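Peer 1: As a plain string of letters, each chain reads:
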Amino acid sequence: MTDCREFRPRIVLYVDREMTGPEALRFEAHLMECASCRHAYDDLRGVVDAVRGSGPLYEVPDQSYSTVRKMVADWDRRQKRWRWMPLAVAAAVLLASGAILWISATRSGYEKFAVRAHRNFTRGAFPLDIASSRPQAVSEWLEPRVPFHLTLPNYPEGGPKRYALAGARLMQYRGEDVAYLAYEMDGKPISLLISSSSRVAPSGGENYQAGGLTFYFSSEQGLRTITWKDKGLTYAQVSDLDVKGAESCAICHGAEGEHRKFEGLGKRM
Amino acid sequence: MEFLGRCGVILTGGYLPSFAECVLGCHASLYSYARSLCGEPAEAEELLQETYKRALAAKRKPVAADADEIRPWLFTILRNIWHNERRRRSRSHETYLEDPREIASPDCAELAMSRKLLVSEVRAAVDSLPLAWREMIVMRDIEDLSYSQIAAVLNCPIGTVMSRLARGRAALRLLLMPHGYRKVRE
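For the record, the sequence lines run as chains P and V.
Just so you know, we're using the numbering used here here: the first sequence kicks off at 1 and counts up by one.
Just so you know, we're using the numbering used here here: the second sequence kicks off at 1001 and counts up by one.
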């Protein structure tokens, strides 16, 4: 009787398979022994089986399935189409990033190249092709060798300029000839690279506008680099002169007539 | 070969059915449930299509190929649409009778025609149940949803599911008794 009170309310759980294994085994053991519970079980089982055995209660119209199948198929097609979208976006982003990096690397590479050339020159690992302090001689030597016209200014000796030309050599940067000019000021070397390549562009951390030109300044391991573009030529000047930003321009171009270009620079400093 | 629940999708080897295949496999179950709620085939069809429309457009879907999750999820959507529409119309075709004594005796002409219990008689008996019990019978005994799945669909405690199911079955027993329901088992 005690068992019946325990098991009777659980008949429905057994019928509905909501009992755990051990529970079901205990229940089945009780059912074997208890005619009253077996009767109650059979009663419920009869109703449930009548319903379960009646098969699908409602006939599903063919049209209903066709309509839904089309709806699902259309959705699936759209999903498959859009499934490529994230990949396409990722590929586009990747390409754009690559292009930006490539452009950035191309542009910023020139100043690094100039710094390396300067270092090589200062440690003597970089002999000049022509050693001369005469701008005209250096210009004449470079003229047939570089793909652009270059005439170095012939600054008068003893003027306000304190720098002097030391010589020049040819260099290759990204498969194109670049002119390397070596100067000296107060015993310190100054390198000037000139390229006519359209793939070379000035770059740097800070920039100043003066005389219709934009000058980019950067500093790396004690070396100061200035890059700028003028009349289709890209210049990179490297030195370890103890000057900041646009000041380095004013040192070389401090003469009358040259000041105009750098007036703006002086104001910004 | 393995049969994936009641999703209706047959699995072979390591093949996993897609979400689309799973929801399509639930069509018959959903139609059955829609009919149990609506009664009218046209209304059930409309409800079914709206269910699929919303299910496919849902931002959060159950994991594909998990029929155990997909079917109750679809049932829930269907019931919510039906419930909201019912409230919107502010009319109820049927009441949530909870007392089996209120069930009409099964002496209607259609059932009384034959003493032999037929499948059609079971259907008629189920159809004549109050809605609250009928949907329990359909979800549990026809569609084989577990108590917890039914509770999730109805958003109610499992105790309520069990109670309504018990009342529905008791009512059904009364309706089927004169027809000798045991014969169906034989």
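Rather than coming from a laboratory, the hints here were simulated on the basis of the structure.
Being a predicted model, the structure only gives us computed values, none of them experimental.
C-beta: ideal position from N, C-alpha, C; glycine also.
Heads up, a few of these hints could be off.
[Said to hold, decoys possible] Derived DSS-like pairs (lysine-lysine); straight-line CA-CA distance at most 30 Å:
(1) Lys188(P) x Lys1053(V)
(2) Lys70(P) x Lys1059(V)
(3) Lys1059(V) x Lys188(P)
(4) Lys80(P) x Lys1061(V)
(5) Lys80(P) x Lys70(P)
(6) Lys80(P) x Lys1053(V)
(7) Lys1053(V) x Lys70(P)
[What the hints assert, rightly or not] On the chain P side, residues computed to face chain V include the following (Cβ under 10 Å):
(8) Leu31
(9) Asp74
(10) Glu206
Peer 1: Would you mind marking each hint as holding or not holding in the structure?
Peer 2: Each hint tested on the structure:
no.: 1; hint: Lys188(P) x Lys1053(V); verdict: 79 Å, violated
no.: 2; hint: Lys70(P) x Lys1059(V); verdict: 20 Å, holds
no.: 3; hint: Lys1059(V) x Lys188(P); verdict: 69 Å, violated
no.: 4; hint: Lys80(P) x Lys1061(V); verdict: 16 Å, holds
no.: 5; hint: Lys80(P) x Lys70(P); verdict: 15 Å, holds
no.: 6; hint: Lys80(P) x Lys1053(V); verdict: 18 Å, holds
no.: 7; hint: Lys1053(V) x Lys70(P); verdict: 11 Å, holds
no.: 8; hint: Leu31; verdict: 17 Å, violated
no.: 9; hint: Asp74; verdict: 9 Å, holds
no.: 10; hint: Glu206; verdict: 48 Å, violated
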